[in-house]
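Respectively, the protein sequence lines represent chains A and B. Residue numbers for the first sequence follow the numbering used here, beginning at 1 and rising by one. Residue numbers for the second sequence follow the numbering used here, beginning at 1 and rising by one.
Do not rely on the hints blindly, as some may be mistaken.
Treat identical chains as interchangeable: a pair holds within one or across any two.
Here are the simulated BS3-like pairs of lysine-lysine, each with C-alpha atoms no more than 30 Å apart in a straight line [to be verified]: (1) K141 - K154; (2) K207 - K163; (3) K189 - K163; (4) K42 - K155; (5) K42 - K189; (6) K76 - K154; (7) K163 - K42; (8) K154 - K189; (9) K76 - K189; (10) K42 - K154.
Keep in mind the hints are simulated off the structure, nothing from the lab.
There are 2 protein chains.
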Amino acid sequence: MQSKTISSAVIRRLPRYYRYLGELLENGIVRISSRELSIRMKVTASQIRQDLNNFGGFGQQGYGYNVEYLYQEIGKILGLDKKQTMIIIGAGNLGQALANYDFEMIGFSVIGIFDANPRLEGLAVRGIEIRNVDEMEAFVKSCHVDVATLTVPKKNARELAAKLDEWGVRAIWNFAPIDLIVSDEVCVKNVHLNESLMTLSYEYRNKHAAAEPEE
Amino acid sequence: MQSKTISSAVIRRLPRYYRYLGELLENGIVRISSRELSIRMKVTASQIRQDLNNFGGFGQQGYGYNVEYLYQEIGKILGLDKKQTMIIIGAGNLGQALANYDFEMIGFSVIGIFDANPRLEGLAVRGIEIRNVDEMEAFVKSCHVDVATLTVPKKNARELAAKLDEWGVRAIWNFAPIDLIVSDEVCVKNVHLNESLMTLSYEYRNKHAAAEPEE
Numbered sequence: 001m002q003s004k005t006i007s008s009a010v011i012r013r014l015p016r017y018y019r020y021l022g023e024l025l026e027n028g029i030v031r032i033s034s035r036e037l038s039i040r041m042k043v044t045a046s047q048i049r050q051d052l053n054n055f056g057g058f059g060q061q062g063y064g065y066n067v068e069y070l071y072q073e074i075g076k077i078l079g080l081d082k083k084q085t086m087i088i089i090g091a092g093n094l095g096q097a098l099a100n101y102d103f104e105m106i107g108f109s110v111i112g113i114f115d116a117n118p119r120l121e122g123l124a125v126r127g128i129e130i131r132n133v134d135e136m137e138a139f140v141k142s143c144h145v146d147v148a149t150l151t152v153p154k155k156n157a158r159e160l161a162a163k164l165d166e167w168g169v170r171a172i173w174n175f176a177p178i179d180l181i182v183s184d185e186v187c188v189k190n191v192h193l194n195e196s197l198m199t200l201s202y203e204y205r206n207k208h209a210a211a212e213p214e215e
Numbered sequence: 001m002q003s004k005t006i007s008s009a010v011i012r013r014l015p016r017y018y019r020y021l022g023e024l025l026e027n028g029i030v031r032i033s034s035r036e037l038s039i040r041m042k043v044t045a046s047q048i049r050q051d052l053n054n055f056g057g058f059g060q061q062g063y064g065y066n067v068e069y070l071y072q073e074i075g076k077i078l079g080l081d082k083k084q085t086m087i088i089i090g091a092g093n094l095g096q097a098l099a100n101y102d103f104e105m106i107g108f109s110v111i112g113i114f115d116a117n118p119r120l121e122g123l124a125v126r127g128i129e130i131r132n133v134d135e136m137e138a139f140v141k142s143c144h145v146d147v148a149t150l151t152v153p154k155k156n157a158r159e160l161a162a163k164l165d166e167w168g169v170r171a172i173w174n175f176a177p178i179d180l181i182v183s184d185e186v187c188v189k190n191v192h193l194n195e196s197l198m199t200l201s202y203e204y205r206n207k208h209a210a211a212e213p214e215e
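Generate coordinates for the entire structure from the input sequences, incorporating the hints supplied.
Right, here's the structure in full:
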């Protein structure tokens, strides 16, 4: 692990580099210049060079970047080179959608799905049985869980997060529309869908409000 | 509409203010100081004052903020004071989850769901019939669509986005793991789930990798 602190802006851009490099690989492209990459990604070549310099470069003057090498290295930085396990808590529509999502391609396996609704118990999503939340503590303590994905109503999210924290889960991917309260040991990443839609609404209304007919 | 340009960092924080103010309202709290709000939101009081000053303030020395007024005003800034319409393209797991999501509370009504799979045709999600994508052009041209939500495979996303653009849709909420290519008229907001999970993975592995047993 590099000891240097990398700005969160750079970290936020890394997955996008990873995605583009993955596409280049799929298309059989073995090397690319920062200039070519910058045209595809619509960022400046100097930003690309600066970002990748945070990790010691990888580029070579006059040759450009070796696509597969860079893809692998960014994958390692993001921790994707190692298999990771995930449980999903909340087997409603969103939880089931996530259980069906192809996270395997970035190294994540869903190993458990939990719900409080007894009517869902025993059903399976993609071959994984939905268990009662009562079984979660024993499960988490016996199987190594890297990430817990929370797709529960906001009224239950904080209590569940506190339990996961207590049981030793160290990463929570939170879809509940509430800020969790957990110890400093726990990494939390929120996906607040309503908030994403609101920022789209802001941009859209500011751009197009004037053009619309009055009501 | 204010003519002043507001930084995207402020805009990104507005939905969170809106959420907290909504919760205060639900709990019957009628006014709050920037200091109290800052404790709840875990940001500095000065950041709150600065952010809200972008919109002319709203606060009053010694009184604090009127919660309902501020909630309404931020809602207006975000364009949530007006009913907006949404269609969802892609009625797979994620599309269906979104169709069942409660976007009504921020003013969005789902008025159409489309899919290319003829087996889904005629089925309904939350009372809204799933239509064939072939019917989409006529639908978009006869009903006013504010936002099109794309939950289709990445191989279809760009072509669909280009069509929506051509038909006059001006906001796309994109869940496909690809950058869309549309005209400057179209506002796009991406929700790239894989990339969100990757940034969580980065933080988690950097924080906890050292503590783990060697393999």
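Hints versus structure:
{"no.": "1", "hint": "K141 - K154", "in the structure": "within (24 Å within a copy, 37 Å between copies)"}
{"no.": "2", "hint": "K207 - K163", "in the structure": "between (44 Å within a copy, 20 Å between copies)"}
{"no.": "3", "hint": "K189 - K163", "in the structure": "within (17 Å within a copy, 33 Å between copies)"}
{"no.": "4", "hint": "K42 - K155", "in the structure": "between (41 Å within a copy, 20 Å between copies)"}
{"no.": "5", "hint": "K42 - K189", "in the structure": "both (26 Å within a copy, 16 Å between copies)"}
{"no.": "6", "hint": "K76 - K154", "in the structure": "between (34 Å within a copy, 25 Å between copies)"}
{"no.": "7", "hint": "K163 - K42", "in the structure": "between (43 Å within a copy, 22 Å between copies)"}
{"no.": "8", "hint": "K154 - K189", "in the structure": "both (15 Å within a copy, 24 Å between copies)"}
{"no.": "9", "hint": "K76 - K189", "in the structure": "both (19 Å within a copy, 28 Å between copies)"}
{"no.": "10", "hint": "K42 - K154", "in the structure": "between (37 Å within a copy, 19 Å between copies)"}
Of the hints listed earlier, there is not a single one the structure fails to meet.
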